[in-house]
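The lines below spell out each chain.
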Amino acid sequence: MSSYLQPITKPEATYTIHVKRFNPESNAQAHWETYRIPFVRTMTVIQALEYLWDQNTYLAFRANCREMTCGSCAMLINGAPGLACMTLLQDGSRIEPLANYSVLKDLIVDTSGIERKYKELEFWPKLEGATKISGVPRSVLHDYSHIYSRCIECYVCLEACPQSDAETTQFDGPMFMLQIARLSKHPLDAKNRPRQAIERGALSCVNCYECASVCPVGLSPASEIGKLRRRAFTQDFRNFWRKLVGKEPAQTP
Amino acid sequence: MAAIAAARQGARVLVVDKGQLGKSGCSPNAHGGIAAWYKRTQDSYEIHMHDTLLSGGFLNDQELVRILCQSASRLVPQLEQFGCLFNRDPDGSYSVRNFGGHQYPRSVFCGDETGHEMMIGLRREILRLGIRHLDEVMATRLVVENGAAAGAVCWDVANGSFQYVKAPAIVLATGDAAGIWPSASERQRGDGIALALEAGAELMDMEFIQYHPTHAWWPFGVRGSVSESFRAEGGHLLNSLGERFMSQYDPAQKELATRDKVSICIYREILAGRGAPHGGIYASVAHLPARLIEERLPVILQKYLNYGIDIRKGPIEIRPQPHYLNGGIKINGNAQTSVPGLYAAGAAAGGVHGANRLGSNSLTDILVFGEIAGRVAADEALRRTKPVPEHREFADQEQRRVAGLMSAEKKSAVSLPALRRKHIEMMDRHMGVLRNESGIKTMLKEIEDTRESCLSQIAVRDTSTKYNFELRDALEMFFRLTIEEISTRGALMRQESRGCHFREDFPGRDDENWLSNIVFYKSDGELRHELRKVSFPSVQMKQFPEYAQSNSPWH
Numbered sequence: 001m002s003s004y005l006q007p008i009t010k011p012e013a014t015y016t017i018h019v020k021r022f023n024p025e026s027n028a029q030a031h032w033e034t035y036r037i038p039f040v041r042t043m044t045v046i047q048a049l050e051y052l053w054d055q056n057t058y059l060a061f062r063a064n065c066r067e068m069t070c071g072s073c074a075m076l077i078n079g080a081p082g083l084a085c086m087t088l089l090q091d092g093s094r095i096e097p098l099a100n101y102s103v104l105k106d107l108i109v110d111t112s113g114i115e116r117k118y119k120e121l122e123f124w125p126k127l128e129g130a131t132k133i134s135g136v137p138r139s140v141l142h143d144y145s146h147i148y149s150r151c152i153e154c155y156v157c158l159e160a161c162p163q164s165d166a167e168t169t170q171f172d173g174p175m176f177m178l179q180i181a182r183l184s185k186h187p188l189d190a191k192n193r194p195r196q197a198i199e200r201g202a203l204s205c206v207n208c209y210e211c212a213s214v215c216p217v218g219l220s221p222a223s224e225i226g227k228l229r230r231r232a233f234t235q236d237f238r239n240f241w242r243k244l245v246g247k248e249p250a251q252t253p
Numbered sequence: 001m002a003a004i005a006a007a008r009q010g011a012r013v014l015v016v017d018k019g020q021l022g023k024s025g026c027s028p029n030a031h032g033g034i035a036a037w038y039k040r041t042q043d044s045y046e047i048h049m050h051d052t053l054l055s056g057g058f059l060n061d062q063e064l065v066r067i068l069c070q071s072a073s074r075l076v077p078q079l080e081q082f083g084c085l086f087n088r089d090p091d092g093s094y095s096v097r098n099f100g101g102h103q104y105p106r107s108v109f110c111g112d113e114t115g116h117e118m119m120i121g122l123r124r125e126i127l128r129l130g131i132r133h134l135d136e137v138m139a140t141r142l143v144v145e146n147g148a149a150a151g152a153v154c155w156d157v158a159n160g161s162f163q164y165v166k167a168p169a170i171v172l173a174t175g176d177a178a179g180i181w182p183s184a185s186e187r188q189r190g191d192g193i194a195l196a197l198e199a200g201a202e203l204m205d206m207e208f209i210q211y212h213p214t215h216a217w218w219p220f221g222v223r224g225s226v227s228e229s230f231r232a233e234g235g236h237l238l239n240s241l242g243e244r245f246m247s248q249y250d251p252a253q254k255e256l257a258t259r260d261k262v263s264i265c266i267y268r269e270i271l272a273g274r275g276a277p278h279g280g281i282y283a284s285v286a287h288l289p290a291r292l293i294e295e296r297l298p299v300i301l302q303k304y305l306n307y308g309i310d311i312r313k314g315p316i317e318i319r320p321q322p323h324y325l326n327g328g329i330k331i332n333g334n335a336q337t338s339v340p341g342l343y344a345a346g347a348a349a350g351g352v353h354g355a356n357r358l359g360s361n362s363l364t365d366i367l368v369f370g371e372i373a374g375r376v377a378a379d380e381a382l383r384r385t386k387p388v389p390e391h392r393e394f395a396d397q398e399q400r401r402v403a404g405l406m407s408a409e410k411k412s413a414v415s416l417p418a419l420r421r422k423h424i425e426m427m428d429r430h431m432g433v434l435r436n437e438s439g440i441k442t443m444l445k446e447i448e449d450t451r452e453s454c455l456s457q458i459a460v461r462d463t464s465t466k467y468n469f470e471l472r473d474a475l476e477m478f479f480r481l482t483i484e485e486i487s488t489r490g491a492l493m494r495q496e497s498r499g500c501h502f503r504e505d506f507p508g509r510d511d512e513n514w515l516s517n518i519v520f521y522k523s524d525g526e527l528r529h530e531l532r533k534v535s536f537p538s539v540q541m542k543q544f545p546e547y548a549q550s551n552s553p554w555h
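Sequence lines, in order, name chains V and R. Start counting the first sequence at 1; every next residue gets the next number (my numbering). Start counting the second sequence at 1; every next residue gets the next number (my numbering).
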C-alpha cells in the first residue's frame, strides 16, 4: 500500500493526529481514531499515513505519485480539502475523506460519477475538418503549459466550491469548467465550449475564488469561468446583433 | 495507447488497471519530454538510434531501437488529436528540449508536465472510444492454454472478488519494477514482468536498474524526481565546496552526461565527503534568469516553494534514486513475447534501452510500442475464429490461495511491512549504483532465506474484503522475490561494468565476453538463464572508434 518511507531516525517531536475511519464490513458508521506520529520537519500528511500503514493499522487511502502530479490523495485535512502529499503535517491534524462522495473505506471515496460526467461533457476535441495543428497563438501555448496541463483533476476545488455538488448537474463545478476552458482553447476542437459552460451552470459561479484558494497547484478555475462567461456573452451578442441588423457588429463589444 | 490502437482495429478491449485510469503508474510523473522530433536538419532517426545505442552500451535490440526512432514523430501529432497540446516555437513548429546523452534537442514537451499532458490525452481518448476499463483491479495470474495466452485471473481490490477474464490476446503495459528498490513513486512493482515469466515468457537485461541522478532528497517532505529538464535547462550540480564537479568527470557533457554516469559521479562525490549535509548533493538553477525558471520549470518551482525553498534563489539537495528498470519482458518488433498471444509494451518490455535509458526515450517507448502491441494484438484476436473458453476454475484456485494467505492459524507470522522495508533497503544497498560480489551474494542469500523461511508463513492479518491493501502487499511480495532474484542473479553473472550496472570489482567494460544479454525463463518450473550474443544488423560498434576502443562503462 504505502510507498517506501525513509526511516525516521531522528524524530524532532511526537505529533498526535486524528483519522476518521470506516470499514463498511465491521463499522455501522465512521469513527475517529487517534495516533501518535514521530515528526520530522516538513513531514507531509501522506508520510504520516504511510508511517501508520507501516505500523499495521490497515488504514486505507489512495496515493500514487506522492509528488502532486496524479491527484489521487485528496482528502479533508483540518476541515479543508487538500492533497495529502503536499500538505504539511500539523500537530492535532484531523484527517477525513472528501465529503462530496460516498465513503468506500477509511479515506477512499467513490468518484466514479466524475468519469460519467467526463463522457457526458465530451472532454475530447470534436474534430471537424483539420486534424493537424498549424499555428497556435502564444497565449494559448502559455495557458496550456501553465494552466491546463497542470490541472491534476484532484477534485479539491469541487469540494471547496459552495455552488457545486458533484452529484447534481446544476453547476458542474470549477474543475469541469477549467477542463471546458482547456478544450475551448484547443486548436482542433470545433464544439462551442463557452456555450457548453453556460449550459453546465457557469452563471452559478459567485466569484468567491474558494477554488483558487485551495487549488494545490495554484490555478484559478474561477478566472477561467469568468473568461468563458465573457466569451459566451460576446458570442450571444454577436448573434443577436446579426439577427437584428443583418450584419456583423463592427467591433467586439 | 495499446488499448486505443486495439479499439481502432475493431477489437473488443478491456483495460485492467491496478490503480485509477490515468492516475496510476508513473507516466503522469514523467515531466521531461517525448524524444520524437528531429528538428535540426543534421538530426535524423539514425542519429537518435546511435545515441540510444551508445547510451545503452550496445546491449539494445537494434531492431526495436530502429522502430522506436522511426515511428516516434508519427505519433506526437496524434496525441494532439486526443486533446494534448505541446509547446511550439514562434514559427509554429514544435519546441524541443535537450536531454542528457542526446546529440541534438529532440524532445517535445508541455511545460514540465509532459507525461501528465500525455496521460490527459490518452485517458480522454479511451473515454471517447468507450473502451471498458476496470479500475483498482490487479491481475494475479496469466493463464496459458495449449501454449498460448488464454486469459487472466484478476482480483478486484475494491470488493475482494476474483474473476477470470478470457482473452485471446493480452498486452502487458504494466510498467517496470523500479519499486523493488526505494523508488519514490513505487507503484512499478513488476507485477506484469513476474506474471509473464510464470506464463513462460523470457526476461532480459534485468540487472540494469537506472538511478535517476536528481531525486528530491531534502527537506524530508519533498518527494519524487526533479525532472531532467532541470539539468537540460542549464542546472548545475555542485558539491559542498561549491564546485561544478561534473566538469572534472566529463568536461564535454558536464551535467548533461547520461544518467548512469551522472549518478555514479554524484555517489563518488558523496563518498568522498563532499556531499550536502543530509547525504545528498546540491543542484542549482539559481544562476539562470528567474523568468526562464518560471516559464520552463513551473512544477519544480512550485513544489519547492511549498516547503519554503525558492529554486530561483538557491540550490536544492538531491540524491540519485532508483528510477527505471531497463530490462523486462523480451519482445520482438511486433511487441510479441515468446508466448503466442502475449504482448508487452513500454517499461514492462526490455531490449529497447539496453544498459541505460536516455531521458525522454521512455514516453516515446510507451507510445511507439503501445501502438504496435495494441494493433498487432487486435489483429491476432480478430483473426481467431475458435471461441476462447471460460475458465472460472482458475479464479477459484486463486481465491483458495488467497484464503490460505489469510488463514487464521498463521496470525503470528511475518510482518509484511517490515519484510518489505528490509528488502527495499537491502536492494538499495547491495543492488544499487555501486555493486560488488559480496554485496550481491548477501542479497541473494536474503532472497533465498525469505523464500525458504518467510514465504510459507506470510499471513495477511487484515481480514476485510474491501480495499485490503495488506493482501495486495502480500501478493506483490511473491512478484517482488521473483524480480529480485532475477535481477540479482544477472548482476552477479555480469562480471563487467556497463551503463547502469557498475561492479566495483570489475570496473571496466568487457566487450569481448559481455556483449550479450542475460535472458531468464522458466522451464518445467525451474528458473533458467541463457547468454545471448547481441546482434549488430545495422549499426556497428566500430562506427564509434572512441567508444569501441575505451573500456569505460559509459559513453
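Quick caveat, the hints were computed from the structure, so don't treat them as lab data. Hints may contain errors.
Keeping only pairs whose Cα atoms sit at most 27 angstroms apart, straight-line, the calculated DSSO-like set for lysine-lysine is [as the list claims (entries may be wrong)]:
{"no.": "1", "chain 1": "V", "residue 1": "Lys-20", "chain 2": "R", "residue 2": "Lys-466"}
{"no.": "2", "chain 1": "V", "residue 1": "Lys-117", "chain 2": "R", "residue 2": "Lys-466"}
{"no.": "3", "chain 1": "R", "residue 1": "Lys-466", "chain 2": "R", "residue 2": "Lys-166"}
{"no.": "4", "chain 1": "R", "residue 1": "Lys-445", "chain 2": "R", "residue 2": "Lys-386"}
{"no.": "5", "chain 1": "V", "residue 1": "Lys-10", "chain 2": "R", "residue 2": "Lys-166"}
Consistency of the hints with the structure:
{"no.": "1", "hint": "V:Lys-20 x R:Lys-466", "verdict": "17 angstroms, holds"}
{"no.": "2", "hint": "V:Lys-117 x R:Lys-466", "verdict": "26 angstroms, holds"}
{"no.": "3", "hint": "R:Lys-466 x R:Lys-166", "verdict": "24 angstroms, holds"}
{"no.": "4", "hint": "R:Lys-445 x R:Lys-386", "verdict": "47 angstroms, violated"}
{"no.": "5", "hint": "V:Lys-10 x R:Lys-166", "verdict": "51 angstroms, violated"}
Checked against the numbered hints listed earlier, the structure breaks hints 4, 5; every other hint is satisfied.
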